[in-house]
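Going down the list, the sequences are from chains L and V. Here the first sequence is numbered in our numbering, starting from 1 and rising by one per residue. Here the second sequence is numbered in our numbering, starting from 143 and rising by one per residue.
Worth flagging that the hints you see were computed from the coordinates, not collected in a lab. Just so you know, these numbers come straight off a predicted model, no measurement behind them. Built from N, CA and C at the ideal position, the CB exists for glycine as well. One should not assume that every hint holds.
Pair ranges (Cβ atoms, derived) [said to hold, decoys possible]: (1) G58/L x G238/V: 17 to 23 angstroms; (2) G259/V x P68/L: 30 to 36 angstroms; (3) T247/V x L4/L: 44 to 50 angstroms; (4) E24/L x F256/V: 45 to 51 angstroms; (5) K266/V x K134/L: 32 to 38 angstroms; (6) G259/V x E37/L: 23 to 29 angstroms; (7) G259/V x E122/L: 29 to 35 angstroms; (8) A12/L x G223/V: 30 to 36 angstroms; (9) E99/L x K224/V: 17 to 23 angstroms; (10) L63/L x K258/V: 35 to 41 angstroms.
Okay, here's what each chain looks like letter by letter:
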Amino acid sequence: MALLQRSFEIEARDFVRAGEASIEVQRILKTIGFDSERIRRASICAYESEMNVVMHGGDGEILLTLDPEKIILDVKDHGPGIEDVELALQEGYSTASLEDREMGFGAGMGLPNIKKNADSLEIHSDKVTGVHLKIVINVKEG
Amino acid sequence: MNPQERHGMKLSDIKEILHAEVISADDGLTMRVETGTASDLMSDMLTGPTNGALLLTGLCNVQVIRTSVVAGVAAVVFVRGKRPTPEMTTQAREHGLPLLSTPFTMFSACGRLFVKGLRGIEVKVPRP
């Protein structure tokens with residue numbers, strides 16, 4: 001049963017607002033009173049995936065769901081999908097543009113860093129429907 | 143000093159060491175940073191133990207502020223005299239993130255802080 005659900009729209013190539021959704025996710029988690037390490041891990045996952053949508057994904061959304069056991073981030077976009085998920089999970093592999101890099105991103109650390117910070121990460125990628133990341137941070141220990 | 147020892151440093155000390163201008167610091171300069179880190183690559187700021195750290199950067203856009211907030215960076219110093227935009231300053235204030243600007247280059251700014259005792263974010267010193 002979901003205790004709370006909020007969705008945030010993400011616009012492609014909008015570097016002015018990029019990150020706002022994740023900061024809102026962070027604010028909600030702080031208000032609820034999760035411990036700082038979990039909030040940091042969840043916020044980093046949200047931010048990395050939000051930047052991925054802005055850079056690669058076309059428009060998309062972050063859906064934050066809280067249930068008694070998990071913080072769940074469903075990040076969906078309408079982009080062209082990830083061509084090679086295995087490669088994208090390798091540190092340093094990137095298809096980012098020069099503009100992405102000028103903004104301080106596109107180093108090929110995004111997906112690996114999400115995987116590192118999440119308790120579980122599912123990646124669904126399709127050329128037609130886009131990418132769906134399901135990121136879970138466990139609330140309870142163990 | 144053992145490189146693994148960490149002492150932290152007050153923002154008021156950092157201001158003096160770096161001849162820095164304080165752009166915003168609503169709580170004054172009594173805040174302590176535990177460690178220091180320097181990068182123009184915001185991706186890298188999201189991968190290490192950067193919470194509580196001072197970030198020195200030559201990048202000057204709003205993503206520096208958002209990355210710092212998400213990563214839990216304690217304060218930001220812009221090098222080479224770069225100054226944040228009003229939008230960046232507003233956002234930093236909203237999140238209580240102090241911003242400073244130093245005329246020194248990245249290398250010199252890092253060196254000046256290091257000799258005064260501020261250490262990096264490495265959890266342990268890598269073996270040669």
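Against the structure, the hints:
1. G58/L x G238/V: 17 to 23 angstroms: 34 angstroms, violated
2. G259/V x P68/L: 30 to 36 angstroms: Taking Cβ atoms as reference, G259/V and P68/L lie about 45 angstroms apart, which means the hint is violated.
3. T247/V x L4/L: 44 to 50 angstroms: 47 angstroms, holds
4. E24/L x F256/V: 45 to 51 angstroms: Between E24/L and F256/V, where Cβ atoms are some 36 angstroms apart, the hint is violated.
5. K266/V x K134/L: 32 to 38 angstroms: Given about 34 angstroms between the Cβ atoms, the range holds.
6. G259/V x E37/L: 23 to 29 angstroms: 27 angstroms, holds
7. G259/V x E122/L: 29 to 35 angstroms: 45 angstroms, violated
8. A12/L x G223/V: 30 to 36 angstroms: 34 angstroms, holds
9. E99/L x K224/V: 17 to 23 angstroms: 19 angstroms, holds
10. L63/L x K258/V: 35 to 41 angstroms: 46 angstroms, violated
The structure fails hints 1, 2, 4, 7, 10 (numbered hints given earlier, in ascending order).
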